[in-house]
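Engineer: Below are the chains, spelled out letter by letter.
2 protein chains.
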Amino acid sequence: MDKKKFRVVVDAMGGDFAPMNEIQGVISVFESKPQDLDLEIILIGNENKIRNSLEQFNKDKQRNLNYSIIHAEEVITMDDEPTIALKKKKNSSLYKGLELHSQGYADAFVSAGNTGAVLSTATILSGRINGVSRPTIGSFFPTKNRYPTLVLDVGANIDTKARYLYEFAVMGSIYATQMLGLEHPKVGLLNIGEEETKGNDVLLEAYQLLKSSNLNFLGNVEGRDILNGSADVIICDGFTGNVILKFAESVLDLFKTKLKSFANKNIFNTILLALLKPALKKVFAEFDYQKYGGVPILGINGVVIIGHGKSSPLAIQNMIFKAIEQIKKDINKKIEIALTNSILSTNN
Amino acid sequence: MDKKKFRVVVDAMGGDFAPMNEIQGVISVFESKPQDLDLEIILIGNENKIRNSLEQFNKDKQRNLNYSIIHAEEVITMDDEPTIALKKKKNSSLYKGLELHSQGYADAFVSAGNTGAVLSTATILSGRINGVSRPTIGSFFPTKNRYPTLVLDVGANIDTKARYLYEFAVMGSIYATQMLGLEHPKVGLLNIGEEETKGNDVLLEAYQLLKSSNLNFLGNVEGRDILNGSADVIICDGFTGNVILKFAESVLDLFKTKLKSFANKNIFNTILLALLKPALKKVFAEFDYQKYGGVPILGINGVVIIGHGKSSPLAIQNMIFKAIEQIKKDINKKIEIALTNSILSTNN
Chain A
2 MDKKKFRVVV
12 DAMGGDFAPM
22 NEIQGVISVF
32 ESKPQDLDLE
42 IILIGNENKI
52 RNSLEQFNKD
62 KQRNLNYSII
72 HAEEVITMDD
82 EPTIALKKKK
92 NSSLYKGLEL
102 HSQGYADAFV
112 SAGNTGAVLS
122 TATILSGRIN
132 GVSRPTIGSF
142 FPTKNRYPTL
152 VLDVGANIDT
162 KARYLYEFAV
172 MGSIYATQML
182 GLEHPKVGLL
192 NIGEEETKGN
202 DVLLEAYQLL
212 KSSNLNFLGN
222 VEGRDILNGS
232 ADVIICDGFT
242 GNVILKFAES
252 VLDLFKTKLK
262 SFANKNIFNT
272 ILLALLKPAL
282 KKVFAEFDYQ
292 KYGGVPILGI
302 NGVVIIGHGK
312 SSPLAIQNMI
322 FKAIEQIKKD
332 INKKIEIALT
342 NSILSTNN
Chain B
2 MDKKKFRVVV
12 DAMGGDFAPM
22 NEIQGVISVF
32 ESKPQDLDLE
42 IILIGNENKI
52 RNSLEQFNKD
62 KQRNLNYSII
72 HAEEVITMDD
82 EPTIALKKKK
92 NSSLYKGLEL
102 HSQGYADAFV
112 SAGNTGAVLS
122 TATILSGRIN
132 GVSRPTIGSF
142 FPTKNRYPTL
152 VLDVGANIDT
162 KARYLYEFAV
172 MGSIYATQML
182 GLEHPKVGLL
192 NIGEEETKGN
202 DVLLEAYQLL
212 KSSNLNFLGN
222 VEGRDILNGS
232 ADVIICDGFT
242 GNVILKFAES
252 VLDLFKTKLK
262 SFANKNIFNT
272 ILLALLKPAL
282 KKVFAEFDYQ
292 KYGGVPILGI
302 NGVVIIGHGK
312 SSPLAIQNMI
322 FKAIEQIKKD
332 INKKIEIALT
342 NSILSTNN
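Each protein sequence line maps, in turn, to chains A and B. Using this note's numbering, the first residue of the first sequence is number 2, and each one after it goes up by one. Using this note's numbering, the first residue of the second sequence is number 2, and each one after it goes up by one.
Mixed in with the good hints there might be a few duds.
One copy or any two copies: either way a pair holds, since identical chains are not told apart in the list.
What the hints assert, rightly or not - Below, simulated DSSO-like cross-link-like pairs (lysine-lysine); rule was C-alpha separation at most 27 angstroms, straight line:
1) K199 / K187
2) K278 / K261
3) K259 / K187
4) K4 / K311
5) K5 / K323
6) K34 / K334
7) K257 / K282
8) K199 / K88
9) K5 / K145
10) K247 / K212
11) K212 / K334
12) K145 / K187
13) K187 / K330
14) K199 / K91
What the hints contain is simulated information worked out from the structure, not anything from laboratory work.
Given the sequences, and given the hints that come with them, work out the whole structure.
Structural biologist: As structure tokens, this is what we get:
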């Protein structure tokens with residue numbers, strides 16, 4: 002067997018704590034990677050800042066740190082419009098990194114930066130997988146079970162056709178099978194009731210597409226099913242998915258505020274909550290799922306992983322390992338086969 | 002000043018714990034109502050069950066219990082289709098009660114039953130307020146502030162036009178002003194970004210309608226703004242609102258499961274959580290807002306309050322008092338004036 006070399010571009014200027022968290026993440030990848038994994042990381046961004054961070058965090062001079070640095074003058078901020086990289090900031094780490102990837106100089110691109118900008122730039126530069134109408138972004142939600150629920154789309158596509166929803170289901174199922182190890186992931190269609198007759202025309206049509214597919218389709222699911230784990234993959238339009246994702250991210254804040262005002266009432270409460278803090282932190286951490294993982298953009302001709310702006314070094318590390326796993330498992334090829342060979346895809 | 006007599010129909014067969022919670026709620030209304038409030042409650046439902054519950058919960062024979070009972074043979078279940086009362090179950094407590102109300106024999110109708118059935122039946126029997134295109138249902142979400150956020154629509158209208166969204170905003174603002182005492186309630190349009198250019202055509206048009214209205218319009222808000230209290234009234238289509246409402250209702254379950262599994266780890270954890278239980282209960286209770294209040298259907302020619310199926314006796318009591326307050330404040334007249342006199346309503 003040929004030993005493949007993996008090249009991953011890391012957008013060193015992406016997240017809110019860039020390049021510190023990115024550099025720490027990269028260092029820990031080299032500390033924890035299997036010995037036989039032949040990996041090169043291409044750090045892209047402001048060279049001075051990257052070198053400073055490397056000096057700061059790589060004090061004991063890891064010998065096996067196999068990286069190169071490519072300087073990029075500009076930075077895409079979180080407030081920039083999604084199309085800015087394509088229109089104006091072609092010297093940004095985001096654009097240059099995705100360009101390298103699309104030209105075949107790297108196998109994957111990882112960023113904790115502006116999701117919309119990564120999505121639109123990656124879609125234009127790398128193009129779509131054969132059979133895919135619209136790339137999609139998913140997000141993981143914690144559940145009562147061992148596995149999280151993958152909800153997609155969470156913002157890439159506001160207006161969706163039934164066919165898009167079907168494609169999201171196919172891509173999500175393949176991802177869940179390959180990356181979470183679920184054999185026949187259960188797919189639910191997000192709706193406002195379980196009956197087959199619920200929802201608008203797009204949902205009614207999507208229901209029939211999913212029903213006649215070879216996916217493990219559960220039928221319609223409701224808002225409450227996202228967290229209860231009854232489905233492994235939940236499909237919705239990007240408007241609803243985005244609103245829910247942002248709502249979910251804000252739940253913790255409210256809890257923390259309420260608990261804090263309880264703690265401030267008297268010393269007994271303060272002590273009680275201090276004792277419980279480690280447990281609550283753990284419960285809360287699970288809720289902040291996206292901070293610890295990163296999610297792929299599915300449907301583009303490439304391996305692009307995006308993370309939350311607040312991605313920790315551990316999250317960056319996980320994103321890099323996920324990118325490698327996605328390449329190894331050839332998920333894009335599986336998506337192409339599923340969407341070009343199915344009866345559905347030729348009929349619709 | 003004339004002293005008005007209030008007649009409120011209570012659907013005694015509505016909630017999951019009917020008629021027990023309904024009867025207890027009614028009894029506590031009479032126990033806690035101001036002396037000068039002239040109130041008659043019309044209990045509608047299975048007469049035997051109602052009498053049994055009254056006997057059970059009114060042991061000390063409240064003298065001032067001013068009620069009458071109207072027997073209704075049929076019951077609408079939570080699983081019944083929204084149109085069932087209109088099509089088949091005209092002898093149900095829900096249909097007969099709403100009919101009494103629409104014919105003027107009662108000032109208000111209160112039910113913890115099937116929301117969809119109450120909505121469609123009330124809309125047909127009572128009709129819409131002049132100027133209202135579509136009745137709407139709102140729901141309260143807890144916030145970090147003193148006041149909850151009123152989100153509407155949460156399920157009455159899946160597909161909305163810009164004009165409907167505008168009307169929801171007007172109705173929600175009037176409700177928040179009158180019932181929560183907010184002077185210029187801040188109105189937000191739920192979207193997936195704050196910029197004026199975000200969203201589909203309906204949202205773009207609604208944004209302009211709201212911007213040129215005399216409402217206190219904040220602009221677009223995102224999923225995270227529902228709980229952070231930045232807006233008092235948040236407007237969205239009924240699909241998104243319903244998914245969020247059900248998602249929000251499920252958040253507690255997940256927290257409880259996670260905390261329980263933490264408590265089960267060792268005796269120290271068990272004790273910690275037992276000590277913290279009262280506090281958590283209070284925080285959680287606030288999250289379960291709709292269980293404690295009840296929400297109005299806004300836009301129909303009548304005063305109809307619906308509650309969560311799990312409404313407690315206290316919730317039923319609150320719903321009855323809210324109905325009376327809504328009558329007193331003549332909210333429907335204010336909605337009619339706002340929606341028939343505005344420049345917008347004549348132009349659109």
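Engineer: Which numbered conditions among the earlier hints are violated in the structure presented, ordered from lowest to highest?
Structural biologist: 4 and 9
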